[in-house]
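Place chain B on chain A using the hints.
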Amino acid sequence: MDVPSHYIQSYCTIRDRSIALNGTTWLKMDSSTTLADFLKSAYRQLDIDYPKFHKMDGLCKAIFIATELMTRDSGPYPSDTALIFSNRSSSYLSDNKHALGIFNTENATASPATFVYTLPNIALGEISIRHRLHSENVFFIFDRYSPEFLVPYTQAALDDKKLANAISGWTEISGHTCDLLLYYIGKSGSVPHTVAQLKRIYNEHE
Amino acid sequence: MKTDVFIAGDCIISPLGMGSKLNFEQLLTGETAIAPVDDATLADHRIHAARIADHQWIGKIRNASGYTRLETLFILAIQQLIDAHSIPVDRRTLVLLSTTKGNVSLLHNPEAQFPENRIYLAEMAHAIQHYFGFANAPITISNACISGALALSVARQLLQYSDTYDQALVVGGDEISKFIVSGFEAFQALSDGRCRPFDRDRNGLNLGEAIAAAYVTKKATDDAVRIKAAASFNDANHISGPSRTGEGLYRSIREAMQLAGEPMLDFISAHGTATVYNDEMEAIALHRAGLSDTPLHSLKAYYGHTLGASGLLETILGIHSLRANRLIPSLGFQHTGTSKPLNLITQPTERPLGTFLKTASGFGGCNIAMIFEKV
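Chains as they are written, first to last, in the working numbering: chain A, 1 to 206; chain B, 1001 to 1375.
Next up, chain A with everything else stripped away, as it sits in the complex:
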């Protein structure tokens, strides 16, 4: 077998009302908690002052929290860390809000503050601002988490630009459910960045 060129430095999962860093639970709340309240509690538990967080939609908030936790574990992200994300529902939470506003028969409205979040890659912009990342961003849409595509693509993108680091994964947020796995990739370590390894990590909390 080939020697893997990149390794997983840290990973974060958010499943429904539970957040884990490297497999260890960091926050768990009752399943009746709303997604908004759950993400707000996670933000409070981070104990940071970042007012922009409150303007974000649910997708951006969940991604923000996961990348915040991983950097606490693995140290600051280098500014050329590539961002290679995916999900199924794109920016559904904000799409839904914008569409409800414009088709409201009583009082049709469109808000720029909502519309700007109707693109999934806005979340990549948000974390680029937060962590000062000037790097390549790609947002893919799949039917389900697909390491079979993401791993070879991430490897190709890293090889292409001779990069050491990337944050990649699956960030599915729709309605009330949350299914997120993000991982931070670097040049050394003990957990190889492979399809098999990521399948194991993705399924370990099922």
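In case anyone wonders, no lab produced these hints; they're calculated from the structure.
In silico DSSO-like pairs for lysine-lysine, Cα to Cα no more than 27 Å straight-line:
id, chain 1, residue 1, chain 2, residue 2
1, A, 162, A, 187
2, A, 187, B, 1002
3, A, 161, B, 1002
4, A, 52, A, 40
Chain B only, in chain A's frame:
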């Protein structure tokens, strides 16, 4: 493993017609697709936009009632490429779709005629996969207004550095909907007439519709164009406003130029949406990169901003420009309107052309620069 990657075929469906050669010829005669649109399903007042007419797509595919308008247009473009180049639908063919919003017009729309699950981009990809029987589920890229160019860049990376695929079909498209019109209006980003990229009196963009498709392969044909380099950087500055220093675009251009071996550029196909801030940002980035004197155009006054198609559409027209050795004028420009002047193309000049730079920028602070050269 590093092999060269080429664009060996292309197709455009736009309000100016079907086929990329026809579209290119229309541009040289100064045709524009932008027209006044009075349609209550889009806005309660007149807008200026470029829309694909019903006769261009209705009844043109098998089982037509099973596919949305946008899916039908994607299918028509893909069919053209498959027929022209005998592209197999097996595991060795990657299909990359680029769209910002797909079938979002169905969402909460009382007039929608398809189930709402069709708003999911993966459902649209399934429909297209099913139509052709592709072995691989198409992969969708939704990365704001750089999606089209980014999809080309992703195809290049996969063909160059992974042995999973032999060729790729890269197809970009978006349609105008109330969802999109209302959003751009909320940003006060729409022009009150035909847009004027880089002009002093520009006051916003026009929305447009197009489908653009490219056949990307490792085999060089005689009229193929090489994807010489691509680079993409985020501004890390603001999620909706362009960077004042053009940082991400500047870095993208610099890296692409360096990777390409600092070539002499014959022209630049800019993003040029004709909003005040976007065009100013581009002028600053190009000035910083030392490219203020390179002949440049924006094609937005011909097609409007075609969102997920734009980067691909404008690249394909740039390729036709290379092949024909004819520069496409930047429609709508009269007076310098950026703090750093640019060299806008005003006449369809004939001269030997070999290399061009394509740029794009989008919400979320994303930017991309790509360099293409004749084989």
